[in-house]
Amino acid sequence: MSRSERVYRMLLLAYPRDFRREYGAQMEQAFGDLYREACERGGRSTIALLWALTITDLARTAVAQRITPRADHEEVAMYDRRLAVVGFLLLLAPLYFVAASLLEYGLGVGFLFDPLEAFLSVAERRIVFNVVSPFVFLGGLCLALALNTYAVARLNFRREEETMVSIVRLKLKSSNIAVAVISILLLATLVGYVFLENFTHR
Amino acid sequence: MKRKSKAGRAREPRDLLPLTPAVLHILLALAHEERHGYGIMREVEGRTGGQTRLGPGTLYGSIKRMLADGLVEESDERPDPEMDDQRRRYYRITDFGRRVAGAEAERLSGLVETARARKLLRSRRSSVPEGF
Numbered sequence: 008m009s010r011s012e013r014v015y016r017m018l019l020l021a022y023p024r025d026f027r028r029e030y031g032a033q034m035e036q037a038f039g040d041l042y043r044e045a046c047e048r049g050g051r052s053t054i055a056l057l058w059a060l061t062i063t064d065l066a067r068t069a070v071a072q073r074i075t076p077r078a079d080h081e082e083v084a085m086y087d088r089r090l091a092v093v094g095f096l097l098l099l100a101p102l103y104f105v106a107a108s109l110l111e112y113g114l115g116v117g118f119l120f121d122p123l124e125a126f127l128s129v130a131e132r133r134i135v136f137n138v139v140s141p142f143v144f145l146g147g148l149c150l151a152l153a154l155n156t157y158a159v160a161r162l163n164f165r166r167e168e169e170t171m172v173s174i175v176r177l178k179l180k181s182s183n184i185a186v187a188v189i190s191i192l193l194l195a196t197l198v199g200y201v202f203l204e205n206f207t208h209r
Numbered sequence: 008m009k010r011k012s013k014a015g016r017a018r019e020p021r022d023l024l025p026l027t028p029a030v031l032h033i034l035l036a037l038a039h040e041e042r043h044g045y046g047i048m049r050e051v052e053g054r055t056g057g058q059t060r061l062g063p064g065t066l067y068g069s070i071k072r073m074l075a076d077g078l079v080e081e082s083d084e085r086p087d088p089e090m091d092d093q094r095r096r097y098y099r100i101t102d103f104g105r106r107v108a109g110a111e112a113e114r115l116s117g118l119v120e121t122a123r124a125r126k127l128l129r130s131r132r133s134s135v136p137e138g139f
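Residue numbers (the numbering used here), protein chains in the order written: chain A, 8 to 209; chain B, 8 to 139.
To be clear, the hints were calculated from the coordinates, so they are not data collected in a lab. Hints are supplied without guarantee of correctness; some may be wrong.
Label-pair distances were calculated between CB atoms; the ranges are [unchecked claim]:
(1) A/S52 x B/E84: 37 to 43 Å
(2) B/G56 x A/K178: 45 to 51 Å
(3) A/D25 x B/R21: 29 to 35 Å
(4) A/L96 x B/S116: 41 to 47 Å
(5) A/A100 x B/T59: 51 to 57 Å
(6) A/L192 x B/L115: 54 to 60 Å
(7) A/V143 x B/D83: 41 to 47 Å
(8) B/L115 x A/R67: 21 to 27 Å
(9) B/D83 x A/F142: 54 to 60 Å
All values reported here derive from a predicted model rather than from experimental measurement. Every residue gets a Cβ at the ideal spot worked out from N, C-alpha and C, and that includes glycine.
Chain A extracted, bound-state conformation (with noise of 0.2 Å):
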């Protein structure tokens, strides 16, 4: 195999993984036929050539197959569960903190806080939890939030004479919607619970 088509099998690591693992070894086919082609046709200047006119194909064409792999069906919904798992895997930490705290001091049960306040009670742990937990927490919500907001809505603007419009999409995904609602939800809590802790007079 020549160093051009070595180069050109790394440059295949553009397309999205799924086209790669579909169409990857027919487009390094393709190519070394064309390097060979313009070997024997012409050297240097014909695979300079070449390789202005492959560079610009890939890059083109990469950018169009990133963008548009939603266009299956299939392909979109088991992405959505994805996110959706990704999402409620994140939700965790953050939930279990704040379904313990809210059971403690709501309703005086300590079954889940009991185990958090034991393993908080050595000194060197509090302080790294002080430190890590806003970041996880916080985080963790914002990231979920985000990808399930982008999972199930689409905003699109467009000109239309003097005006732009713009349109949401919403798609009715379950699952990625009650990832969703329940990040809000927590976000709230907490950022209310930091806001009560930091800013009210007492």
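Given chain A's structure and the hints, the job is docking chain B onto it.
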């Protein structure tokens, strides 16, 4: 025969019009015989006198869409297995693809007729410049 979309709705050839230039070139390349990717590239380049060159990304991006739309299908047959690389995949036009290509050709033909009627295009007889 009407082809059904993924949503189950029967599709008409005109639902896919206008075709992109790459898709139409691929359909034309496959109109008479099955070809592999490189064969399609060579046919398009040869037929257009080198004016149109399909890169691998354009070719296989279009083929992916055309397979999904039922315009082409993969062929198991090899024109000459002895002479050919077994890894190559051959494609052939479907009946639906043939009808879509025909509908697109009709559409383009209508445009050409309009252009000719509005004196934007010389008729074939007078395409040779005067004085020759």
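Hints versus structure:
1. A/S52 x B/E84: 37 to 43 Å: 39 Å, holds
2. B/G56 x A/K178: 45 to 51 Å: 47 Å, holds
3. A/D25 x B/R21: 29 to 35 Å: Between A/D25 and B/R21, where Cβ atoms are some 30 Å apart, the hint holds.
4. A/L96 x B/S116: 41 to 47 Å: 57 Å, violated
5. A/A100 x B/T59: 51 to 57 Å: 56 Å, holds
6. A/L192 x B/L115: 54 to 60 Å: The hint (54 to 60 Å, Cβ to Cβ) holds, given that A/L192 and B/L115 are roughly 57 Å apart.
7. A/V143 x B/D83: 41 to 47 Å: About 54 Å separates the Cβ atoms of A/V143 and B/D83, which means 41 to 47 Å is violated.
8. B/L115 x A/R67: 21 to 27 Å: 24 Å, holds
9. B/D83 x A/F142: 54 to 60 Å: 55 Å, holds
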